[in-house]
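Use these hints to put chain B onto chain A, whose structure you have.
Chains as they are written, first to last, in the UniProt record's numbering: chain A, 1 to 550; chain B, 1 to 233.
Hints may be right or wrong, so weigh each one.
Unchecked claim - Derived DEER-like restraints, expressed as beta-carbon distance ranges:
1. Asp129/B / Gly78/A: 51 to 57 Å
2. Lys93/B / Lys67/A: 41 to 47 Å
3. Glu85/B / Leu528/A: 44 to 50 Å
4. Cys18/B / Asp543/A: 56 to 62 Å
5. Ser45/A / Glu172/B: 31 to 37 Å
It is worth saying that the hints were derived from the structure and are not from the lab.
Keep in mind it's a predicted model, so treat the numbers as computed, not measured.
No residue lacks a Cβ here, since even glycine has one placed at the ideal position from N, Cα and C.
Chain residues, written in single-letter form:
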Amino acid sequence: AMDTDLSSQDRKDLDKFIKFFALKTVQVIVQARLGEKICTRSSSSPTGSDWFNLAIKDIPEVTHEAKKALAGQLPAVGRSMCVEISLKTSEGDSMELEIWCLEMNEKCDKEIKVSYTVYNRLSLLLKSLLAITRVTPAYRLSRKQGHEYVILYRIYFGEVQLSGLGEGFQTVRVGTVGTPVGTITLSCAYRINLAFMSTRQFERTPPIMGIIIDHFVDRPYPSSSPMHPCNYRAGEDNGAVYPSVEDSQEVCTTSFSTSPPSQCVFTVTKAHFQTPPPVVTDTLKVPVMGLAFSHQLSSSRLSYQPAALGVGSADMGYPVLFAGGLNAAHPHQLIGPGKEGGVPPVPSQPAHGTQADQERMCTPLDGVHYSAATPSSSEDTETVSNSSEGKSGSPHDLLETIFIRKVGAFVNKPINQVTMANLDIPFAMFASKNVELEDNDPMVNPPESPETESPLQGSLHSEGSSGSSTGNTHDDFVMIDFKPAFSKDDILPMDLGTFYREFQNPPQLSSLSIDIGAQSMAEDLDSLPEKLAVHEKNVKEFDAFVETLQ
Amino acid sequence: PLSSRCCAPASAAPAMNCRAEVLEVSVEGRQVEEAMLAVLHTVLLHRSTGKFHYKKEGTYSIGTVGTQDVDCDFIDFAYIRVSSEELDRALRKAVGEFKDALRGSGSDGMGQISLEFYQKKKSRWPFSDECIPWELWTIKVNVVNLANEQERQICREKVGEKLCEKIINIVEVMNRHEYLPKMPTQSEVDNVFDTSLKDVQPYLYKISYQITDSLGTSVTTTMRRLIKDTLAL
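Just chain A, same shape as in the assembly:
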């Protein structure tokens, strides 16, 4: 009874619009989470395939998945199309980040013109979706994926399930379009609590069969530099890239990694699973392979060489390459200076001991940009970890060290308030549980200045004191009192750390403060007439001066 007023042609058109709108919605969302910048060209001459007058490429696998989920149906009341975006770490832990919902409600707009207004409003809604997908927290996470985690998507049709988003999730509405058969609503519910739960609460989700879509079987890596307006390569279609569904576990929905294409190298074919290895290892293998490949990319920029990897490189084992990836040059180097790549950024203040260690670890070894954690230089690993933590480190500890100083993305706290207890840091699970670390850090807790009554007194009596400054008779060595600049001042006893912290935030110069600036400007302006008068009086002198210059 709802659509008696709608002509059959209009009805057909409307259904087509909604179907393609749903497919394009999925494309926009998934593409926005691949971790790459998207770029499509405007074209003044219309091509028949650009739905809604927008250049949105179609990744075949994504269309395939969306069609499978929809199974010939359209969003209707109680039957929503949902795109779930989740994050999965290399250890198999996963977390839902967003649910994008395309819903239909009963509110009909009978007056609206299908072929014109509805179509244009759907186009507008897609533009809004393009904009909104860049401003939810998962966007930035997805741009940094590849090393420690990947972003996955899952499409389902039916009832919206928001329970996996954690407490206090937020909703943003992208928009609505009224149609004669109901109102289409597009919205996103996203997690704001990005902390991983403590390991106690953590359930290891059954590893999703790591079906990684390799978009680019046998395709050379595009040699163009990132500055090229990118043509999204997924357009090149060949049916061979579809995963063989039989390999997946019996789940009603399949998950696919949306690792950026430049890292997607691992094709899952039957051959690799001849002797079914433990599934856990498989899941781990993938990012490792990705990492190995990305190293190659970043060091050589040569054409795609999947053959160089093969299954063999997986034998190198997880810990090595994983840690290696931590410090490698960033294959996802974003365009423009000062961008962070796959590693969550360490705050720019160098006031922490780990920063120095970080720099050391980034030194390329044996030319392949692996970190110190390669088997051949295990002692380097030890050295680095030791110096930073005071305990013998496996590469996993390197991970822990780095994350400590990270202020969580989207944590609304000034940096100096972040403490180890604050689980708002993403990947808090990676952070060292050894809280003493911070205590051991001389930059945080400077060693006690030696107790002297007064510094002056101390220095006056240094000659007489039994101290390291005097060469002892029975020593061949002369102990020199190490006095780094600002370490000990005659006036103030303080060491480098204290000095740095004290003077890091100097009060603003009073002459630069706004009030005084404005005042003096007003004063200056007021005094202008006087000054002009004086100058006018001395005109003759000035003229004479000018003459002498000529």
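Just chain B, lined up with the frame of chain A:
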């Protein structure tokens, strides 16, 4: 209020049914350009179509609008814009002028930039065409000065978060599906759309800006008055 406009409109005040939206941001000096571009591009993404190609019998087909991601250098933020170098250049030029004006002439770092969408209404000679605004976006900017690197880092993140909110606000307004000019016939298309670009077709728009000094008045007014007084000696 003084403003520098690209063309002189017959009516200075917005028309009664002109929708007006105001956004406010506080940014560091070097973030002004990127923040303004992000907002302006987001609005124009929603207010641009593909090029129209009129066919016989008054029908037309519409070209395709491409989009591309932009990363900000001074703000932890990314946005998407229409793929049109001409449009980008035009916006950058306007924003560059605004930024220079903000920096100079002893301004307190406060100003606003406006993006106005209008329709042209042809008048008979000797009257010039009227520009009738139907949507006005105003971005109020407050430039802050930061003391050290730590504050700058926090500012990067904070401004990024604020801009995310602004984008969501813009999308909300767009979603209201309020007045939009009727789709024009071929003879009227230049009264509604800017057809000068080769790859996309935004609605007719103009960008203007104002700088305010700490006393709330426009700086140029104050300077002019002072100089006049001085010369009156």
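CB-CB spacing for Glu172/B and Ser45/A relative to the 31 to 37 Å hint = 34 Å, holds
Quiz item: For the pair Glu85/B and Leu528/A, does the Cβ-Cβ distance stay inside 44 to 50 Å?
Solution: 46 Å, holds
Assessment of proposed distance window 41 to 47 Å (beta carbons of Lys93/B, Lys67/A) | Distance hint for Lys93/B, Lys67/A holds at roughly 45 Å.
CB-CB spacing for Asp543/A and Cys18/B relative to the 56 to 62 Å hint
57 Å, holds
Honestly, do Asp129/B and Gly78/A meet the 51 to 57 Å range at C-beta? 53 Å, holds
The earlier numbered hints are all upheld by this structure, with none contradicted.
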